[in-house]
Amino acid sequence: MKGTIFDIKELSVHDGPGCRITVFLKGCPLRCKWCHNPEGLDSKPQLMIQKNGCVDCKMCYAPCNHPECKPFGRCLHTCPNGCLKVSGKEIEASELAEILLKNADFLNATGGGITISGGEPLMQPDFVLELAEKLSGVHKAIQTSGFATEEVYQKVIGKFDYIMQDIKLVDSELHKKYTGVDNEVILRNIQWLKNSGKEHIFRMPLIPGITDTPENKATAIEIVGENNIEFLDYNPLTGAKYEMLGMKYEL
Amino acid sequence: MSKILRDFITSKQHHAYRKEVSEIKNMAEEFSASGLSPKERMTRRLVKMLSLQMPVFLPDEKICFMRTATNIPDVFTEAEWAEIKEKHYIHELGYMSNLSPDYESVIAEGLLAKRETADEYGKRAIDAIIDLADRYQAEAEKQGKTELAAVLKRVPRYGATGFYEALQFFRIIHFTLWLEGNYHITVGRFDQYIYPYLKADMDKGVLNEETALELLEDFFLSFNKDSDLYPGVQQGDNGQSMVLGGMDKYGNNAFNLLSSLCLKASANLLLIDPKINLRVNKNTPLEVYEEGSKLTKAGLGFPQYSNDDVVIEGLTKLGYSLEDARDYVVAACWEFIVPKVGADVANIGALNFPKVIDTCLHRDLKNCNTYEEFEAKVKAEVKNTADGICKGFDNMWFVPSPFMNVMMDCDIYNGGKYNNFGIHGTGVATASDSLAAIEKYVFVHKTVTADELINAVDSNFENNAELLHLLRFEAPKMGNNDDRSDLKAKMLLDTFADSLKGKTNERGGIYRAGTGSAMYYLWHADEIGASPDGRRKGEPFGTNFSASLFAKLNGPISVIQSFTKPNLQSVINGGPLTLEFASSMFEGEDSIKKLSAFVKAFVDMGGHQMQLNAVNTEKLKDAQLHPEKHQQLVVRIWGWSAYFVELDPEYQDHVLRRQQYTV
Numbered sequence: 001m002k003g004t005i006f007d008i009k010e011l012s013v014h015d016g017p018g019c020r021i022t023v024f025l026k027g028c029p030l031r032c033k034w035c036h037n038p039e040g041l042d043s044k045p046q047l048m049i050q051k052n053g054c055v056d057c058k059m060c061y062a063p064c065n066h067p068e069c070k071p072f073g074r075c076l077h078t079c080p081n082g083c084l085k086v087s088g089k090e091i092e093a094s095e096l097a098e099i100l101l102k103n104a105d106f107l108n109a110t111g112g113g114i115t116i117s118g119g120e121p122l123m124q125p126d127f128v129l130e131l132a133e134k135l136s137g138v139h140k141a142i143q144t145s146g147f148a149t150e151e152v153y154q155k156v157i158g159k160f161d162y163i164m165q166d167i168k169l170v171d172s173e174l175h176k177k178y179t180g181v182d183n184e185v186i187l188r189n190i191q192w193l194k195n196s197g198k199e200h201i202f203r204m205p206l207i208p209g210i211t212d213t214p215e216n217k218a219t220a221i222e223i224v225g226e227n228n229i230e231f232l233d234y235n236p237l238t239g240a241k242y243e244m245l246g247m248k249y250e251l
Numbered sequence: 252m253s254k255i256l257r258d259f260i261t262s263k264q265h266h267a268y269r270k271e272v273s274e275i276k277n278m279a280e281e282f283s284a285s286g287l288s289p290k291e292r293m294t295r296r297l298v299k300m301l302s303l304q305m306p307v308f309l310p311d312e313k314i315c316f317m318r319t320a321t322n323i324p325d326v327f328t329e330a331e332w333a334e335i336k337e338k339h340y341i342h343e344l345g346y347m348s349n350l351s352p353d354y355e356s357v358i359a360e361g362l363l364a365k366r367e368t369a370d371e372y373g374k375r376a377i378d379a380i381i382d383l384a385d386r387y388q389a390e391a392e393k394q395g396k397t398e399l400a401a402v403l404k405r406v407p408r409y410g411a412t413g414f415y416e417a418l419q420f421f422r423i424i425h426f427t428l429w430l431e432g433n434y435h436i437t438v439g440r441f442d443q444y445i446y447p448y449l450k451a452d453m454d455k456g457v458l459n460e461e462t463a464l465e466l467l468e469d470f471f472l473s474f475n476k477d478s479d480l481y482p483g484v485q486q487g488d489n490g491q492s493m494v495l496g497g498m499d500k501y502g503n504n505a506f507n508l509l510s511s512l513c514l515k516a517s518a519n520l521l522l523i524d525p526k527i528n529l530r531v532n533k534n535t536p537l538e539v540y541e542e543g544s545k546l547t548k549a550g551l552g553f554p555q556y557s558n559d560d561v562v563i564e565g566l567t568k569l570g571y572s573l574e575d576a577r578d579y580v581v582a583a584c585w586e587f588i589v590p591k592v593g594a595d596v597a598n599i600g601a602l603n604f605p606k607v608i609d610t611c612l613h614r615d616l617k618n619c620n621t622y623e624e625f626e627a628k629v630k631a632e633v634k635n636t637a638d639g640i641c642k643g644f645d646n647m648w649f650v651p652s653p654f655m656n657v658m659m660d661c662d663i664y665n666g667g668k669y670n671n672f673g674i675h676g677t678g679v680a681t682a683s684d685s686l687a688a689i690e691k692y693v694f695v696h697k698t699v700t701a702d703e704l705i706n707a708v709d710s711n712f713e714n715n716a717e718l719l720h721l722l723r724f725e726a727p728k729m730g731n732n733d734d735r736s737d738l739k740a741k742m743l744l745d746t747f748a749d750s751l752k753g754k755t756n757e758r759g760g761i762y763r764a765g766t767g768s769a770m771y772y773l774w775h776a777d778e779i780g781a782s783p784d785g786r787r788k789g790e791p792f793g794t795n796f797s798a799s800l801f802a803k804l805n806g807p808i809s810v811i812q813s814f815t816k817p818n819l820q821s822v823i824n825g826g827p828l829t830l831e832f833a834s835s836m837f838e839g840e841d842s843i844k845k846l847s848a849f850v851k852a853f854v855d856m857g858g859h860q861m862q863l864n865a866v867n868t869e870k871l872k873d874a875q876l877h878p879e880k881h882q883q884l885v886v887r888i889w890g891w892s893a894y895f896v897e898l899d900p901e902y903q904d905h906v907l908r909r910q911q912y913t914v
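Taken in sequence, the protein lines are chains X and R. Its first residue numbered 1, the first sequence is counted upward by one per residue in my numbering. Its first residue numbered 252, the second sequence is counted upward by one per residue in my numbering.
Derived from the structure by calculation, the hints contain no laboratory data. Among the clues, some could well be false.
[Said to hold, decoys possible] Simulated crosslink set (DMTMM-like; lysine to aspartate or glutamate; CA at most 25 Å straight-line): (1) X:Lys58 x R:Glu717; (2) R:Lys803 x X:Asp7; (3) R:Lys254 x R:Glu390; (4) R:Lys697 x X:Glu68; (5) R:Lys788 x R:Glu717; (6) X:Lys102 x R:Asp734; (7) R:Lys299 x R:Asp385; (8) X:Lys102 x R:Glu725; (9) X:Lys9 x R:Glu390; (10) X:Lys134 x R:Asp733; (11) X:Lys241 x R:Asp873.
Note that the coordinates shown come from a computational prediction; the quantities given were computed from them, not determined experimentally.
Could you put the whole structure together from the sequences, leaning on the hints where they help?
And the structure:
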C-alpha cells in the first residue's frame with residue numbers, strides 16, 4: 001500500500017544505534033509549538049521554498065501545463081536555483097523498502113539500520129507495518145509520540161527492534177496546551193512499552209520554559225526511570241523551516 | 252605544547268627576524284657571466300643561503316631553525332630560462348618537487364656518513380649545513396639552552412640517538428631542502444622512521460607519552476615558521492604532507508604510538524601544517540578510525556584517508572615492487588608516490604573529462620543514432636586527448652639539486668627507480684552526469700533533440716529554464732547511487748586508464764591515470780561553457796573525485812556507494828572523494844563512533860582515498876565579512892588546508908558552494 005513521506009535522510013546520527021537512514025512520514029496529530037519538522041505536520045503535500053537561494057526572478061509564477069504543479073499555483077520545473085520543493089510524496093511500501101535496502105550492506109556493516117520517524121508514523125500504521133515487514137534483514141527503529149490507540153501502538157511497535165518514545169510533558173493540561181492533544185493514551189502506551197521487553201529509550205526535548213522545568217523532568221524520570229531517558233537540547237534554528245512553508249513559528 | 256610559542260608563530264612575530272638580502276639579488280647574472288654549470292650554481296646558492304641565515308631561538312622553542320634571510324634568488328637569468336624552455340619541457344617552476352626524501356637513513360647515519368658517498372656538490376652542501384648547525388649550537392650554548400646545545404652537538408653531524416635529536420635533525424634537513432629551492436617536499440612515513448627513537452627513549456624512561464607529545468607539538472609548530480615563504484598556488488599549498496599508519500613492507504600493521512600522538516598533536520595545535528594522512532586497510536581496527544575521526548572533528552580537513560588494499564594493488568599492477576608499494580606515501584596533496592627511490596612526476600598533466608564530452612556533444616551527437624554510438628565517440632576522444640597530453644613532455648629537465656640528491660636513495664639527477672608521469676582526471680562527475688543526461692533525454696526518452704541540447708548548452712540555457720531545471724535537478728547524478736551516472740564514471744575512468752596503458756615516457760616510466768583535479772576544477776571549467784548536466788557557464792567542477800556542486804544528493808551513504816563503483820586500482824595516481832559535513836554533525840557523544848564506522852565502510856567497499864571536512868558555513872560566511880575575527884579559521888582546498896581568510900575569493904566561494912551534509 002501507499003504511504004506519504006517527506007524525506008529520507010542518510011547518515012542520521014541522532015536517530016538510533018550505528019549509522020542510520022531515517023524515513024520521515026508525513027502527517028501528525030500533535031501540534032507541538034516547538035516542532036522542528038513542521039513539514040511533517042500536514043498529511044497533504046506542501047510547497048517548500050528555500051528563501052536563501054531565491055533571486056526573485058518570478059519564473060515559477062509563469063503558467064505551465066504540468067498537472068503536478070496545479071495544486072500549488074507555481075511551476076515546479078523552472079526555478080534556476082532549485083529552490084522549490086514539494087514536501088510530501090506518496091510511495092508504495094515495497095518501492096520505499098527497495099530504495100532503503102540498496103543500503104542494507106552498509107547499514108549492517110556499521111551496526112546501524114533504518115529509522116522510521118515523522119510526523120507521526122503511527123498515523124499510517126498499515127503502511128508502516130508493511131514497510132517493516134519488507135525491511136527484514138536490517139535493524140529497525142521507530143520514533144513516535146505514542147499518540148495512537150493501544151491496539152495500533154502495540155501492533156506496530158512489535159515489528160521494531162528499537163523504540164524511541166517521546167515523553168514531552170507529563171502534566172495533562174500543559175500537554176494539551178503545548179501539543180494540542182491529551183496525553184492520557186500516550187502515558188498508557190509508555191507504561192506498556194516500559195514493561196514490553198522491547199529495547200527502547202524515552203526522549204524529552206528540552207524546550208526552555210515549557211518542558212525543561214524541574215517538575216516536568218522529575219516526574220518524567222519517576223515514570224520511566226533515570227537511566228532510561230535522554231534529554232535533547234532545543235534547536236534554535238527550527239524557525240527557518242516555518243518560513244519555507246509560509247507558516248508562523250510561535251516560539 | 253608551548254602556548255607562548257604557538258601564539259608567537261601564529262601572530263607572525265617571528266617575521267621580525269626576517270630580512271631580504273640585497274647583496275644576492277644579482278646572483279643569476281653573476282653565475283651567467285662566469286658560465287657556471289647548473290649544479291655549481293645550485294651548490295653555490297645553497298651554500299650562500301645557508302651562510303646568510305642567522306641563528307634564532309623563539310620563545311620557548313625546542314626545535315630550532317627558521318629562515319631569516321628570506322629571498323632566494325633564481326640561479327638562471329630570464330634569458331637563460333627562455334633558452335632552457337626552448338630546449339626542454341619544464342615542469343612547473345623547474346625545481347625538484349613532490350619528492351619524499353630518505354629521512355630515515357640520513358637521520359640514522361648522520362650527515363658525515365652521507366658525506367662519504369656524496370658527490371663534490373653534495374659534500375659542499377653538507378659542510379655548509381653543518382656550519383650553520385654549529386653556529387646554532389654556539390648560540391644555544393651562549394644563551395644557556397643546554398639541552399638544545401647538546402642535541403646540536405650531535406645532529407646533524409652524526410645519527411640521532413633519541414627522539415629529540417631525531418626531530419631536530421628532521422627539521423634541519425627539511426629546512427635545507429626548501430632553502431635549496433626544492434618545493435612540495437613531503438614528510439613521508441614519519442611515524443615509521445621516527446618511532447624507533449621514541450620507543451628507545453620511552454624504554455629508557457627518558458620520555459613518557461605526555462612529554463613526547465609535548466615535544467612533538469613543538470616540532471609540529473616548526474612546520475609553520477617558514478611555510479608562508481614556500482611557493483604554491485595559494486597560501487597553504489606547500490605539500491608538507493605526513494603519512495601515518497597503514498601496513499609495513501611485510502604487510503603487518505604499522506600504526507603505532509607515534510601515529511597516535513601525531514593525530515593528537517595535530518588536533519591540539521589546529522594549524523594547517525603538517526598535513527595529516529592516515530593509511531588504513533581491511534585489517535585496521537575501528538579504534539584507529541576513531542582516533543582519525545577525532546582529528547576530523549577538529550575541523551582542519553585532516554586526516555585524509557587512503558586505502559592500502561586498493562592503492563598497493565594498483566601500484567603493483569603498474570609495476571611497482573610489492574615492497575615499495577607497501578611503503579607508499581602521498582606527494583604534496585594525494586598523489587601516491589614511493590619514498591626514497593621514487594622520482595615520479597605525479598602531477599604532470601590533467602585530462603579534462605567535461606571537455607571531452609563538450610567536444611563530442613558538438614562534433615558527434617547529431618550523427619549518432621544510439622547512445623552506444625555516442626559513447627564510442629566519447630571513448631575515442633578520451634583516448635585521443637590522452638594521446639595528446641602524453642606528447643607534451645619531451646626532453647624534460649629539472650634544475651639539479653645537490654642536497655636533494657644526497658637525500659634520495661637514487662641518482663635523482665637522472666631519475667629514480669620509478670619515473671612515471673601522473674595525469675589527473677578533472678570533473679569526472681560533471682562528465683558522467685552529462686552522459687547520463689544525454690542517454691536519458693536524447694536517446695531513451697527522446698524528449699530533447701541533439702540540436703536542442705547543443706543550442707541550450709551554447710546559449711548557457713538562456714530561454715531554456717525548464718530544460719535547465721530538468722538537467723540540473725531532475726537528471727541522474729553521480730553521488731545518488733544511481734548506475735545511470737555512476738557506471739558512466741566507471742566507463743570514463745576505465746577508458747582513461749586504458750588509454751595510458753602501454754605508453755612510456757622518455758625517462759623509461761609509464762603514465763598513471765588519476766581521479767584528482769588539483770586547481771583544474773576551476774581552470775578546466777573555464778575551458779568550456781555550460782555542460783549537458785545543467786552546469787552553467789563559469790560554474791566550477793567539484794574538487795577532485797566529488798559530486799557536482801549543485802546535484803541534489805540523497806546523502807553521504809549514497810555518495811560513497813557511487814564513488815566506489817569505478818575500478819579505483821586502475822586510477823591510482825590519486826585524488827580523494829571529498830565530503831563536507833556540517834560541524835553540528837560532531838556534537839553528539841557517539842558521533843565519532845558513527846563517523847568512524849562510515850569511513851571504515853567506505854574503505855571496506857573499496858574506496859581508494861577520502862577526505863572529510865567539518866564545516867561551519869555560518870562561520871565561513873562571517874569570515875568573508877569580518878576576516879579580522881577569523882584569522883585562524885581553517886578550510887580544506889584541494890589537497891591541502893589553508894587559512895580561509897588568506898584565500899582568493901574564488902577559492903573561498905568554492906568552499907561555500909560544496910555539497911554539505913547535515914544531520
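(request) Determine which of the earlier numbered hints do not hold for this structure and return their numbers in increasing order. (result) Hint 9 is the one this structure does not satisfy, whereas the remaining hints hold.
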